[in-house]
Amino acid sequence: MIAHNLVALPVVLPLLAAAVAVLLPPGRKPWLLATGIAWLVFAASLALALRALGGEVLSYPMGGWEPPWGIEYRLDAANALLMVLIGAVAAAVFPFAGPSVKRELGEEKSPLFYAALLLFLAGQLGIAVTGDAFNVFVFLEISSLASYTLVASGKDRKALTAAFSYLIIGTVGATFYLIGIGLLYALTGTLNMADLAARIPEVAETRAAHTAFAFIVVGLCMKIALFPLHLWLPNAYTYAPSAVTALLAASSTKVAVYLLIRFVYGIFGADFSYREMPLAWLLIPLAVVGLLSTSLVAIGQNKVKRMLAYSSVAQIGYMVLGIGMASSLGLAAALLHVFNHALMKGALFMALGALVYRVGTSRLHQWRGIGRRMPWTMAAFVAAGLSLIGVPLTVGFVSKWYLVLAAIELGFWPIVAVIVIGSLLAVIYIGRVIEVAWFEKGESDERCEAPLSLLIPTWVLVIANFWFGIDTRLTVGLAELAAQSLGGTP
Amino acid sequence: MNLLGHYNYIVVVVLMMLGFYTVIARDNLVKKLIGLGIFQVSVFMLYISIGYVSGGSVPILTEGVTLYSNPLPHVLILTAIVVGVATLALGLALVVRIREAFGTVEEDEIRLKEDAEG
Amino acid sequence: MSHHLILRVVAKFLIPLILVYGLYVHFHGEVSPGGGFQAGVLVASAFILHALIFGLNKTRPIARPGVLKAIAAGGVLLYGGTGVAGMLFGGEFLHYGVLAADPVKGQHLGIILIELGVLFTVASVMLLIFYAFAGRQKPEAQ
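Residue numbers (the working numbering), protein chains in the order written: chain A, 134 to 623; chain B, 37 to 154; chain C, 559 to 700.
Okay, chain A solo, but in the shape it has when bound:
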């Protein structure tokens, strides 16, 4: 029974657990439940990934209704990579959330907070696994609504305005997506992704198909926070509670990037996206401008959390660059960077949360000499920062290496230069933090390390950054398999 229903379980478990969490009394119990569920989900997604790595495509008819009439859950290598990613991030962030959220928000509202966290998880996993275009919209909105509430739960009053503008832009993006799906349904009469992919070539010449494509791509780019549609992201990340920021940064935009890849390559097909529609001319310039400009803005920030938020927008530029190259290697690099960036940003935001736990602020000038006071926490920050820069032996290096290879393969030499400049800019903004934290003198040298309950999950992700930087078999294998199955060449 479990083997048969394994595909559905990662979505069903958190969904039901969210309802249970509401019923629990305030305190530690909702957190314990959420953490247990996150670990179960991670185990299930690993089991699924192992089956997908064997080249198997799992199809699960929801409610016993056969596709293409019913909702199909469909798992191939691309979904499996994303599910492992979400499961792994949740399994690391949820244990971290307990002490961090208790310190930042208190425990009176913990049942509702963890219910929202679990709903967010269910929505993300649902997007990853579903094979139905409308079902994607529903899960997108479940996870988005949960994340608006989570952002608004931040203590600063600016969290409210940040959540509000996130809500407006997120809803407009989702509605754009809905318009696109509606037009596609009118054209083809189906909502199943595989069925859509089979029927779109017949109608590829029509203007309605072009409009649908434009609406879907722009809608998803709002969710991705691709420059210049990224304006909601810096405030939302800055004012959300630390654990929420780690979770959002590591999974939310990544899922939207996956959706963009799925639609551009899997459903419309690279031929339509790059020959019929000028997608490369849209994505590559925006990615390049966004990557450079937001990296520069990141250097000027005096709040570390905000700096990392801008760096997230810049890193999205790398992923979109890989998508825009329209080659198998570029696509594999983009998928790889989705996974790797989640690992490094998750680790960075968690280390930041652990530092904020003791210091109480992420303002850089109050971090003077923090490296001597919290050496292990700051070391985690630096290690993850090295990965963000792309130093060899880290995951950041692996995905940037593949991106450079993809650019060279196509002869895009200016792109190679952009990638290198982007990495140098990352050296500057991470370097600023290191300088203040290690080389400037603080008021006291007293040791005040973050508690182990925060350090252990953080270091688990940091070690994952190095592990997958050295042993790239699982990630590169899945990414290449996914790129092949999506058909990367136009």
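Please note that the accuracy of each hint is not assured.
[Claimed, not checked] Residues from chain A shown here face chain C by an in silico Cβ test under 7 Å; the list is partial: (1) Ala152; (2) Leu156; (3) Leu157; (4) Pro159; (5) Gly196; (6) Ile302.
Hint data in this document are derived by calculation from the structure and do not stem from the laboratory.
Just so you know, even glycine gets a beta-carbon here, dropped at the ideal spot from N, CA and C.
Once you've looked at the hints, dock chains B and C against the given chain A.
Relative to chain A, chains B and C alone:
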């Protein structure tokens, strides 16, 4: 191209642009939410009018009727309406709390207060 | 609004009717337009009418927020539980056909249970949203 034959699309586009313009151009947060509502409703209209089959009956099994409207878009929109309700409730709740925290629902005034905080 | 005699008499007369109509929309939703969502909104509207006429302070003790929260979660669990039952009986999640020996009967049973969960959740969430907005004190008055 027959304009009257496509009048449902014209209604959809007019509503869509009205709503979208309101979302972008208005500073009042409640008006933004109203605009968002109009924008979403225009998409609901798009789906519902797509489902209509000319001459078709209500999609409930009745004797002597062979041609039905397509119920699927209607069911999809039922889901989307629920999502819209949840979004509106959450948005208004945020506006209430913004009003309590900042004493105003005008975006430009809120921004001034935020900038003053640094 | 204690002096509005007509409103109070009419409301007392209407509220039970609205509740019954809500249940009708639910249980008849299988064969005619309707279902848990519509029924839930109708049931909630009966309570909201009560609150508008008699005041929030009279409605809250009848439908207490804590209880409503439990009902809302219970509705989701009923929905999900029916889905999981489908798995336990050897089908897929939300596969109602396997719930009874006869697949058609199973479909009947499944859809009624699912929609009942929807009814519980929608009615209580609508009411909770109403409470949250109507019962919010001005910050100065707190």
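Hints versus structure:
1. Ala152: Constraint on Ala152 of chain A satisfied, holds at 4 Å.
2. Leu156: At 5 Å from the nearest chain C Cβ, Leu156 of chain A passes the 7 Å test, so the hint holds.
3. Leu157: Given a least distance of 10 Å, the restraint on Leu157 of chain A is violated.
4. Pro159: Given a least distance of 12 Å, the restraint on Pro159 of chain A is violated.
5. Gly196: This interface hint holds because 4 Å falls under the 7 Å limit.
6. Ile302: violated (23 Å)
In terms of the numbered hints stated before, the structure departs from hints 3, 4 and 6, listed from lowest to highest.
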